[in-house]
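S.K.: Sequence:
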Amino acid sequence: MASPTAGDWATPLHLIEWLTSGMPASPPTPAQVYQLLLEGNRRFVGGTPVHPNQDADRRAALAPAQRPFAVLFGCSDSRLAAEIIFDQGLGDLFVVRTAGHVVGAEALGSIEYGVSVFGAPLVVVLGHDSCGAVTAARRTCLEGVSPSGYVRDVVERVTPSVLAAHAAGTTDVDGIVDVHIERTVDLLLERSSLLATEVAAGRCAVAGLSYRLAEGTVRLVAGKGALTA
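Residue 99 in full-length UniProt numbering sits at position 99 of the sequence shown; the count goes up by one each step and never skips.
What the hints contain is simulated information worked out from the structure, not anything from laboratory work. It cannot be assumed that every hint is accurate.
Pair ranges (Cβ atoms, derived) [to be verified]:
| id | residue 1 | residue 2 | range |
| --- | --- | --- | --- |
| 1 | 38 | 146 | 17 to 27 Å |
| 2 | 220 | 26 | 23 to 33 Å |
| 3 | 144 | 58 | 42 to 52 Å |
| 4 | 60 | 145 | 48 to 58 Å |
| 5 | 174 | 64 | 20 to 30 Å |
| 6 | 229 | 190 | 35 to 45 Å |
| 7 | 164 | 50 | 38 to 48 Å |
| 8 | 50 | 201 | 42 to 52 Å |
| 9 | 212 | 145 | 40 to 50 Å |
| 10 | 219 | 63 | 30 to 40 Å |
| 11 | 63 | 119 | 12 to 22 Å |
| 12 | 214 | 56 | 29 to 39 Å |
| 13 | 105 | 56 | 46 to 56 Å |
| 14 | 55 | 152 | 42 to 52 Å |
Since this is a predicted model, take the numbers as computed values, not measurements. Each residue gets a CB set at the ideal place from its N, CA and C atoms; glycine is no exception.
Build out the structure end to end from the sequences listed, making use of the hints.
M.R.: Dropping the structure here:
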């Protein structure tokens, strides 16, 4: 099978062919994968999903090994199901989720695994409006009300984003969410030299997206690396 051209990546079929054909010399670029996810989101929003890679044949093909084309680091909110939002299927996304997409060693290791072992050329940080973790951190800053248990640890990791937003004059939850997404993107590159090296070399990019719960749309908040062709 001939290698697909750059323009071929506009359709999921050619990406699926690359993923299953064992052609590491011609991987998709970060920009091509980013556009693929945006197209999937548009199908989801428009009510015309194709539900790719969700049948028995795909399940059987993936049993020996996986080759996801993007790492998705998102909030744990139950409404943020990545494969549905971006109209993808089994084996397409390497998903890492924590409440408020807070960054810890486990999340960093998982993200690095997706990039270094599977060669994923794109990392997406996915936040959303009305985020509970951001709301709790904002309340702690404004009212001094702190949750108990390990939830407190989550809130403490989101608090720097709340303080940075307040310092810039942003006090509403959704505005703080954008700041938190941007800071998460920066933090990934600050703490992971592996990811920073891959982005600097042009082999990977990081896209910080904000998801609208009611509309189903995603919006670019912060980007590092080549997200456009």
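S.K.: Take the hints in turn and mark each one as holding or not.
M.R.: Hint-by-hint comparison with the structure:
A beta carbon spacing of about 38 Å between residue 38 and residue 146 contradicts the range 17 to 27 Å that was offered as a hint. For the pair residue 220 and residue 26, the beta carbons lie near 26 Å from each other, so the given range of 23 to 33 Å is met. Separation of residue 144 from residue 58 is about 51 Å and conforms to the stated range, judged on CB atoms against 42 to 52 Å. In this structure the hint that residue 60 and residue 145 lie 48 to 58 Å apart at CB holds, the actual value being about 51 Å.
Judged by the Cβ atoms, the range 20 to 30 Å given for residue 174 and residue 64 is violated: they are separated by roughly 43 Å. Against the hinted window of 35 to 45 Å, the Cβ-Cβ separation of residue 229 and residue 190 comes to about 27 Å, which falls outside the hint. The supplied range of 38 to 48 Å is met by residue 164 and residue 50, whose beta-carbon atoms lie about 40 Å from each other. A hinted range of 42 to 52 Å for the beta carbons of residue 50 and residue 201 is inconsistent with their spacing of about 33 Å.
A beta carbon spacing of about 27 Å between residue 212 and residue 145 contradicts the range 40 to 50 Å that was offered as a hint. Remark: the range hint 30 to 40 Å for residue 219 to residue 63 is upheld by a beta-carbon distance near 36 Å. A hinted range of 12 to 22 Å for the beta carbons of residue 63 and residue 119 is consistent with their spacing of about 20 Å. Checked against the given bound of 29 to 39 Å, the beta carbons of residue 214 and residue 56, roughly 34 Å apart, stay inside it.
Under the hint 46 to 56 Å, the C-beta atoms of residue 105 and residue 56, about 37 Å apart, miss the expected range. The given range of 42 to 52 Å is respected by residue 55 and residue 152, whose C-beta atoms sit roughly 44 Å from each other.
When each numbered hint is compared with the structure, violations occur for hints 1, 5, 6, 8, 9 and 13.
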